[in-house]
Amino acid sequence: MRTLTRSLPLGALLEGQVAVVTGGSRGIGAATVRLLAHAGAKVVFNYHQAGGAARTLVREFEAGSVVAVRADVSKMRDAARLIGTAVKRFKRLDILVANAGIWPADPLPVERISERDWDELMGVNLKGVYSVIHYAVPHMKRQKYGRIVAISSTSGQRGEAFHTHYSASKGGIISFVKGLSTELARHGILVNAVAPGWVDTDMCAPVVKNRRQLRAVCAGIPLGRFATPEEIATPILFLASNMASYITGEILNVNGGNVLCG
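Position in the sequence shown (from 1) plus 1 gives the number in my numbering.
The hints are simulated quantities; they were obtained by calculation from the structure and are not laboratory data. There's no promise every hint is true.
Pair ranges (Cβ atoms, derived) [stated by the list, open to error]: (1) Gln214 <-> His188: 42 to 52 Å; (2) Ala220 <-> Ala13: 35 to 45 Å; (3) Asp107 <-> Arg212: 12 to 22 Å; (4) Pro105 <-> Arg226: 20 to 30 Å.
By construction, the Cβ of each residue, glycine as well, lies at the ideal position given by its N, Cα and C atoms.
Work the whole structure out from these sequences, hints included.
Next comes the structure, spelled out in structure tokens:
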């Protein structure tokens, strides 16, 4: 991230703006928190279990400019509290990055996906996007301005055998974004998604640690490697800023050429 912040003129890009990032303590979320904060935004992010990582991230910045909230965005009351904290603390809400998600590393045929498996994954990956947007949009409508970026996946575009519930959740995000983009455009709110491919995060650690599996996966990626979290955060920053002021309803693919889809 130091390399990014030195090479990009971020200083005032988001000056005076307030952002909420879900799942912000690790991986893509933490990289996004850092990048938005370095671009001048005040950032509120939630974590669910990684309290130590969240506190470490907060300490990287000037006191009060980055705030961590323990919340489970699959629960409506927690999503309301997260958005409410940002608005109460900073008096506005300009950017929402709906990033929180889970991925079951163990492959499951559909007949072995339990109701509990399905509900847990949909609760975080899809309901967790709906819940924070549900509470953020009224504030953005009053401002007549907002930027919403949801994190989907290549899995939601092409499907993924033995991870079909994950694919369904990420495909649902794409449809949700497209519908919201037309609904909210007249209010000055732009809604887009970033669809990463394989990223070197804790979530993908089981694949990264399995050298044979890692080589097989990388063989299908034209760039030949996984993305870093920072390489996903940068497109998120683009869509969250006024550099993307005429883009809405778009799915921005960041996958090293792995899935070539429109």
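Comparing the hints with the structure gives:
no.	hint	in the structure
1	Gln214 <-> His188: 42 to 52 Å	holds, 45 Å
2	Ala220 <-> Ala13: 35 to 45 Å	holds, 42 Å
3	Asp107 <-> Arg212: 12 to 22 Å	holds, 18 Å
4	Pro105 <-> Arg226: 20 to 30 Å	holds, 23 Å
Figure legend: structure checked against the earlier numbered hints; every hint is met.
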